[in-house]
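J.: Line order of the protein sequences matches chains H and R.
Following the numbering used here, the numbering of the first sequence begins with 1 at its first residue and continues without gaps.
Following the numbering used here, the numbering of the second sequence begins with 1 at its first residue and continues without gaps.
Any given hint could turn out to be false.
[Unchecked claim] Derived CB-CB ranges, DEER-like:
hint	chain 1	residue 1	chain 2	residue 2	range
1	H	Ser213	R	Ile97	31 to 37 Å
2	H	Arg364	R	Ser109	40 to 46 Å
3	H	Asn361	R	Arg147	44 to 50 Å
4	H	Arg201	R	Arg147	25 to 31 Å
5	H	Ile99	R	Pro32	54 to 60 Å
6	R	Glu327	H	Arg364	41 to 47 Å
7	R	Gln382	H	Glu327	44 to 50 Å
[Claimed, not checked] Computed cross-link-like contacts, DSS-like style, restricted to lysine-lysine with a CA-CA straight-line distance of at most 27 Å:
hint	chain 1	residue 1	chain 2	residue 2
8	H	Lys202	H	Lys215
9	R	Lys307	H	Lys135
10	R	Lys208	H	Lys358
11	H	Lys133	R	Lys208
12	H	Lys208	R	Lys208
Hints were generated in silico from the structure; no laboratory data involved.
Where a beta carbon is used, it is the ideal one built from N, C-alpha and C, also for glycine.
2 protein chains.
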Amino acid sequence: MITYDFAHIDGSIYSYLYTCIKNDILSGILKPGEKLPSKRTFANNNGISTITIQNAYDQLISEGYVYTIPKKGYYVANIEGMTRSIPNADINYDIRIPIRESFEYDLSSNGVNPDNFPFSVWTKLSREVMSNKKKELMEISPTSGIRLLREAIANHLKSFRGMLVDPNQIIIGAGTEYLYGYIVQLLGNDKIYAIENPGYRKLVSIYKQRNISCKYAYMDDSGITVEGLKESKADVAHICPNHHFPTGITMPASRRYEVLAWANAAEGRYIIEDDYDSEFRLEGKPIPTLFSIDECEKVIYMNTFSKSLSPTIRISYMVLPVHLANEFYKTMSFYSCTVSNFEQYTLAEFIERGYFEKHINRMRLYYSKQRRRIIDKLEASQLKEVCEIQENDAGLHFLVRLDTNQTDEFVISKFKEKGVKVEALSDYYLTEEKEKQHLFIVNYSNLNEEKIDDAIKIIEETVSGFRRC
Amino acid sequence: MITYDFAHIDGSIYSYLYTCIKNDILSGILKPGEKLPSKRTFANNNGISTITIQNAYDQLISEGYVYTIPKKGYYVANIEGMTRSIPNADINYDIRIPIRESFEYDLSSNGVNPDNFPFSVWTKLSREVMSNKKKELMEISPTSGIRLLREAIANHLKSFRGMLVDPNQIIIGAGTEYLYGYIVQLLGNDKIYAIENPGYRKLVSIYKQRNISCKYAYMDDSGITVEGLKESKADVAHICPNHHFPTGITMPASRRYEVLAWANAAEGRYIIEDDYDSEFRLEGKPIPTLFSIDECEKVIYMNTFSKSLSPTIRISYMVLPVHLANEFYKTMSFYSCTVSNFEQYTLAEFIERGYFEKHINRMRLYYSKQRRRIIDKLEASQLKEVCEIQENDAGLHFLVRLDTNQTDEFVISKFKEKGVKVEALSDYYLTEEKEKQHLFIVNYSNLNEEKIDDAIKIIEETVSGFRRC
Numbered sequence: 001m002i003t004y005d006f007a008h009i010d011g012s013i014y015s016y017l018y019t020c021i022k023n024d025i026l027s028g029i030l031k032p033g034e035k036l037p038s039k040r041t042f043a044n045n046n047g048i049s050t051i052t053i054q055n056a057y058d059q060l061i062s063e064g065y066v067y068t069i070p071k072k073g074y075y076v077a078n079i080e081g082m083t084r085s086i087p088n089a090d091i092n093y094d095i096r097i098p099i100r101e102s103f104e105y106d107l108s109s110n111g112v113n114p115d116n117f118p119f120s121v122w123t124k125l126s127r128e129v130m131s132n133k134k135k136e137l138m139e140i141s142p143t144s145g146i147r148l149l150r151e152a153i154a155n156h157l158k159s160f161r162g163m164l165v166d167p168n169q170i171i172i173g174a175g176t177e178y179l180y181g182y183i184v185q186l187l188g189n190d191k192i193y194a195i196e197n198p199g200y201r202k203l204v205s206i207y208k209q210r211n212i213s214c215k216y217a218y219m220d221d222s223g224i225t226v227e228g229l230k231e232s233k234a235d236v237a238h239i240c241p242n243h244h245f246p247t248g249i250t251m252p253a254s255r256r257y258e259v260l261a262w263a264n265a266a267e268g269r270y271i272i273e274d275d276y277d278s279e280f281r282l283e284g285k286p287i288p289t290l291f292s293i294d295e296c297e298k299v300i301y302m303n304t305f306s307k308s309l310s311p312t313i314r315i316s317y318m319v320l321p322v323h324l325a326n327e328f329y330k331t332m333s334f335y336s337c338t339v340s341n342f343e344q345y346t347l348a349e350f351i352e353r354g355y356f357e358k359h360i361n362r363m364r365l366y367y368s369k370q371r372r373r374i375i376d377k378l379e380a381s382q383l384k385e386v387c388e389i390q391e392n393d394a395g396l397h398f399l400v401r402l403d404t405n406q407t408d409e410f411v412i413s414k415f416k417e418k419g420v421k422v423e424a425l426s427d428y429y430l431t432e433e434k435e436k437q438h439l440f441i442v443n444y445s446n447l448n449e450e451k452i453d454d455a456i457k458i459i460e461e462t463v464s465g466f467r468r469c
Numbered sequence: 001m002i003t004y005d006f007a008h009i010d011g012s013i014y015s016y017l018y019t020c021i022k023n024d025i026l027s028g029i030l031k032p033g034e035k036l037p038s039k040r041t042f043a044n045n046n047g048i049s050t051i052t053i054q055n056a057y058d059q060l061i062s063e064g065y066v067y068t069i070p071k072k073g074y075y076v077a078n079i080e081g082m083t084r085s086i087p088n089a090d091i092n093y094d095i096r097i098p099i100r101e102s103f104e105y106d107l108s109s110n111g112v113n114p115d116n117f118p119f120s121v122w123t124k125l126s127r128e129v130m131s132n133k134k135k136e137l138m139e140i141s142p143t144s145g146i147r148l149l150r151e152a153i154a155n156h157l158k159s160f161r162g163m164l165v166d167p168n169q170i171i172i173g174a175g176t177e178y179l180y181g182y183i184v185q186l187l188g189n190d191k192i193y194a195i196e197n198p199g200y201r202k203l204v205s206i207y208k209q210r211n212i213s214c215k216y217a218y219m220d221d222s223g224i225t226v227e228g229l230k231e232s233k234a235d236v237a238h239i240c241p242n243h244h245f246p247t248g249i250t251m252p253a254s255r256r257y258e259v260l261a262w263a264n265a266a267e268g269r270y271i272i273e274d275d276y277d278s279e280f281r282l283e284g285k286p287i288p289t290l291f292s293i294d295e296c297e298k299v300i301y302m303n304t305f306s307k308s309l310s311p312t313i314r315i316s317y318m319v320l321p322v323h324l325a326n327e328f329y330k331t332m333s334f335y336s337c338t339v340s341n342f343e344q345y346t347l348a349e350f351i352e353r354g355y356f357e358k359h360i361n362r363m364r365l366y367y368s369k370q371r372r373r374i375i376d377k378l379e380a381s382q383l384k385e386v387c388e389i390q391e392n393d394a395g396l397h398f399l400v401r402l403d404t405n406q407t408d409e410f411v412i413s414k415f416k417e418k419g420v421k422v423e424a425l426s427d428y429y430l431t432e433e434k435e436k437q438h439l440f441i442v443n444y445s446n447l448n449e450e451k452i453d454d455a456i457k458i459i460e461e462t463v464s465g466f467r468r469c
């Protein structure tokens, strides 16, 4: 007969009894097949209620430690190997997380200075949304995103990009990477995807990680070449014709028509037009998109709020040609939209009420001042003698050619020693035969005014240091 | 010599000039190779500044309409086919979007009544986050999610599920569907994934859409069977052992060990444990997870805030065994986290400050009242004669067996006519040989008290209607 000490219980009797019996089963004191005392006997022997014992038995049954034979009673189940006890301490495993090195002066990546994010408007709008749209916030968003946001984006594309699109052509997702996943499912993962060389290495990772054939097509001064596309035998060209990263090349109209002609020359060919930073084309009118001049439904347009608002708000979108939009809704409507309703509605208000336009104008002015400052400082420094600035009046970066005999790796390592992170154009060549152009990328979105001044000084010292060696 | 009328310009001269020249090139008035007037001549002839002309020429050059030969001048580029003008009207294409039928009484899907979402706390916390964490909100989140949220989830798992996990084992993503994508990349898309039959049809769509081999393994009263897994030749079992949907089955401990033994019997076998509604197990202690009793790093645990908070806040997470966590960080750290920082920090505060626990307790009480009410109403109605309620004291639904000779399809169509959406268990059989059990799913998370009363009345009428036929 099993007995437990019920005198010093800290908590419910039911829970205590459950734990005692479970431990006895786990430790083998109670053997498989052994009959447990009836509820009545157990209750009488220990001076507790039968209900309490019933509850404990029920719990043990539901977890499989005990089984019952009707009219006969309760028996210990056969639990092999159930011997592990959970340690009562914090766990700290040896998980090796890649550490992002942090630099005092980061000229390599985009970032948003917290002073530049429109916190007060965003806070106001999100509060309004939570107060006025309770019902809508709880209603499941369509796969493509909430209608209001897609309408706001369609209006934005019309006034900013001269693009006329049906809001139903717009698909919203948590980042362009996520949308690439949709595209691959839509166009086929047996297709060959070509990206620009030099180009964005992350795209290679994204395609390769999904076991998708990813080729490189070489560029010339007008952007990706049709010869390169043909050599790659690509079905899908994934390109940034409006402002290529990192070269800054804007594809001229004649090349655009050549690339569209390439897409039209065979069935199943498509172009993914990544227009990631069109909002920050700092001078002149924006270039019409490939999507706008495409008459044959061959172009998928992509854009993101990562650059124009913040990379930490994960909202991107793509515009599908009509037949692909229909295909999307037919085959992929089972997916849930990956962006929270709360942020979809907040962003919709942000765009519709004109705050987005104001924000872009403010940021464009800010970045053009930053650009001017950094170029002026460069030209006023001794760097002028050994640097040639290559401007493409667009985006948040420019290129600098450095007159040196050192390798790009050496230059980068010297900067790194001084806390300056810089990337070389050669890092963006995806094939082995990198051109040694000594071209370095200067991305100024992360630096405020003070930092620009300091960075230029440090770069000047560093360069004069290794040029003397 | 080209001349334009500058007398009646509405807007900037630069923009007007740009448009005039572009249109003349597009319409063929200016021929490819034709020399454009020099800036000085053009300016003198029209009484405008050379800067304005320079700007217009620059824009035309950047778009490829014009090219320049240094020291010689500006020439018209060869633009073939550039004849399309953009219509100036709203676009409304024939895009067929699947329409979600709406029902007065929806017993089929989960939803959150806006009255139950903790709007005031959520608004307060998100405002605080936006005011106190400006810097952190702008810093790119690690792929796995921000550390604070992963710590909060680790603490929650410890106190609610008795699970001890390192926050670095936790990976946050915008919905479980997104995380399945990670898992497939981690375990391999050449593997065979088995799901429970009956089971969640959306999983089939998700795997098939990615061209992944997806098999069905049959269940018995203890959940998925090892025989079924073996027959399916699966490498990965995707299961809901803690509360299977829709049968409500909780896998007993003995079967858990059998399934773990299956996973241990061959290399590369894994179990995905979907614990989607454990917070709402309404009675008894929660069952320990498979993850907790797994000693061989074979179980990936998944959970979501869709059920416990709202499906419209897209935050889910998975807990990887240590070796898979290391593999994840090694091969997939290039991905961006799909959840916005704003909501990650808000949720972290919500959990850490105890609001989540309070919310769950409140909702558990609410749902158990709803459940009691609907069962009491059912048993007090004439439905009692023809219905048998199958309870599994868990989750947000139960099953009802209806005594009828009609097919499930007929029953469902009759309910539909009356505005009641009900699903049959047979709809969840993924193979052809459905069992005709006349079991229907009653999900009560969408109904408030009034609606419960009305729904029961309508169900009663409907059933008596077709039983009389």
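J.: Next step is simple, just say for each hint if it's right about the structure.
T.: For each hint, the structure was consulted:
1. H:Ser213 <-> R:Ile97: 31 to 37 Å: holds, 32 Å
2. H:Arg364 <-> R:Ser109: 40 to 46 Å: holds, 45 Å
3. H:Asn361 <-> R:Arg147: 44 to 50 Å: Because 36 Å falls outside the window, the suggested range is violated.
4. H:Arg201 <-> R:Arg147: 25 to 31 Å: Hint holds: Cβ distance 26 Å, inside 25 to 31 Å.
5. H:Ile99 <-> R:Pro32: 54 to 60 Å: holds, 56 Å
6. R:Glu327 <-> H:Arg364: 41 to 47 Å: holds, 43 Å
7. R:Gln382 <-> H:Glu327: 44 to 50 Å: Because 49 Å falls inside the window, the suggested range holds.
8. H:Lys202 <-> H:Lys215: holds, 13 Å
9. R:Lys307 <-> H:Lys135: Holds, at roughly 17 Å.
10. R:Lys208 <-> H:Lys358: violated, 44 Å
11. H:Lys133 <-> R:Lys208: Measuring from Cα to Cα gives roughly 36 Å; hence the hint is violated.
12. H:Lys208 <-> R:Lys208: OK: Lys208 of chain H and Lys208 of chain R at ~20 Å, within 27 Å.
Consistency note: the structure conflicts with the earlier hints numbered 3, 10 and 11.
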